[in-house]
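There are 2 protein chains.
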Amino acid sequence: MKTFLECFPCMMSQALRAGRMASDNEFLIKKVLDEVGAMIKDIPMENTPAESGALVYKKISDITGVIDPYKEIKQQSIKEAKSLYHEMKKEISKSKDSLLTAIRIAIAGNVVDFGMNKKFSLSEDVKHILVQNFAILDYKEFQYQLKNAQNILYLGDNAGESVFDKILIEELGKKVTYVVREIPIINDVTYKDAIDSGLNTVAEIISSGTTAPGTILQLCSDDFLQRFNQADMIISKGQGNYEGLSGVDRGIFFLLKAKCPVIARDINVQENDIVLQYKKPI
Amino acid sequence: MKTFLECFPCMMSQALRAGRMASDNEFLIKKVLDEVGAMIKDIPMENTPAESGALVYKKISDITGVIDPYKEIKQQSIKEAKSLYHEMKKEISKSKDSLLTAIRIAIAGNVVDFGMNKKFSLSEDVKHILVQNFAILDYKEFQYQLKNAQNILYLGDNAGESVFDKILIEELGKKVTYVVREIPIINDVTYKDAIDSGLNTVAEIISSGTTAPGTILQLCSDDFLQRFNQADMIISKGQGNYEGLSGVDRGIFFLLKAKCPVIARDINVQENDIVLQYKKPI
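Chain order of the listed sequences is A and B. Quick note: the first sequence uses our numbering, first residue 915, plus one each step. Quick note: the second sequence uses our numbering, first residue 915, plus one each step.
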């Protein structure tokens, strides 16, 4: 997905929010805004928003000297999601279709996104998403591919959400490789966050090698690309991964809540819709 | 009022909105965002937001070649407000306190603001504001000064709102000078808009001389400054005028709806509150 005009004011909002996370020095945060503002002319609209995001968040770290402004928030999110784990497992055990309920729970986890302007409450939002209608639900294809898959590549998105990913992975019942970001960026899930979420008990955890808040294949490691090409089934969580992969010639299942109006428009759904979409190879 | 950090992402949103009003050429609008982004480093936080707004909107006009992107919208707003004129006059005639109702109506007109991200419906919003509690209501002082005033300086804000200003001016029953912007900026009221709103039948219309979307005394004409200093009573409508005048050593009545979180915080009210506030000379 390309960068749309709306993405540029949003970059400035993100720069302000992350700047405030990293520092309470107003002059330093103004410098962040100055420099991110000045970068806009160098960001082509052909970039995916996630690529542009990598540049913006790198700039924020460079100026503030804080590499991981969302470190504590990520820990809190993981803790909160873990506190809901048993309740979620109960939802699955009492549901008629445990796989679909696990998919809903994994999408509910996708509200934990500090790159967005929106406020969220994990415990409240999950209740809503458990009964929300899907705008797109390619569930038969999902069941079919799952049945036939030997190995599944699962692209993680945010820390906290990762705990709910674990719940879905437990329902998949297959060999899963869980993919995290190479470095801390926004509140995206890293190797450490995945371990803290308990994902090492259900999946092999690898890094995509990318420093972007999404999966940009040109920026990924050779090891990741090999696994990406060889996986029997790919599950991509969240908006950042969608941004990088929506135009890629590969069958991918996108699981997300369309929190951003630009992405909703790109998928052709309404804002706040939930989606399990299969994109076939081109 | 100074520029706060939140104002910078907001400037980019305004640049995008005004750029789209002026042009449907995506590359030209990107150029607007590039150049407004690059300007941020030159905008000190000591500026009032209205001063910064003048620079931003000038840049948009320079790049797109469109001096008045909101021209048609302003005409529509005036037409819509005029269609509500008789209904509003009826509200006044049936109310117990016609002056206070006219003040409410004038504040209701303040929702017509295309500088803001918010959507509004004049006919719906006015119903709400007619019964909304004031967060600040310095009404006794207003009545006292009105009773003793020979000449009143009334600082207009937006086109459309100007029709509702006329309603209040009719209730004031005093000699009023209505102040407009020197040039078209956002949807702010200009001389032509004031004439189209019928204000020439109830007030003398003058320009403040400023090209900013607010009253910045350093940018105003000598003629305006003389009237500003000599007026018995000053009524300032809207956020842009508040931004420029909130720190000025002069007694001023501010009438506005706090649509922006930064201004609400500065006034110490909640977002969407309505205010009739008297600021004494320092």
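Hint data in this document are derived by calculation from the structure and do not stem from the laboratory. Keep in mind the model is a prediction, meaning the values are calculated, not measured. Don't take each hint at face value.
Treat identical chains as interchangeable: a pair holds within one or across any two.
[Stated by the list, open to error] The calculated EDC-like cross-link candidates involving lysine to aspartate or glutamate, where the alpha carbons are at most 20 Å apart (straight line), are: (1) Lys1193 x Asp1180; (2) Lys1089 x Asp938; (3) Lys1088 x Glu1055; (4) Lys1010 x Asp948; (5) Lys945 x Asp956; (6) Lys1194 x Asp1146; (7) Lys973 x Asp1039; (8) Lys944 x Glu1118; (9) Lys944 x Glu960.
Going down the list of hints, with the structure as the test:
{"no.": "1", "hint": "Lys1193 x Asp1180", "in the structure": "within (13 Å within a copy, 49 Å between copies)"}
{"no.": "2", "hint": "Lys1089 x Asp938", "in the structure": "neither (45 Å within a copy, 50 Å between copies)"}
{"no.": "3", "hint": "Lys1088 x Glu1055", "in the structure": "within (16 Å within a copy, 75 Å between copies)"}
{"no.": "4", "hint": "Lys1010 x Asp948", "in the structure": "neither (54 Å within a copy, 53 Å between copies)"}
{"no.": "5", "hint": "Lys945 x Asp956", "in the structure": "both (18 Å within a copy, 11 Å between copies)"}
{"no.": "6", "hint": "Lys1194 x Asp1146", "in the structure": "within (13 Å within a copy, 73 Å between copies)"}
{"no.": "7", "hint": "Lys973 x Asp1039", "in the structure": "neither (32 Å within a copy, 42 Å between copies)"}
{"no.": "8", "hint": "Lys944 x Glu1118", "in the structure": "neither (42 Å within a copy, 43 Å between copies)"}
{"no.": "9", "hint": "Lys944 x Glu960", "in the structure": "between (28 Å within a copy, 12 Å between copies)"}
In this structure, the earlier hints numbered 2, 4, 7 and 8 are contradicted, and the remaining ones agree with it.
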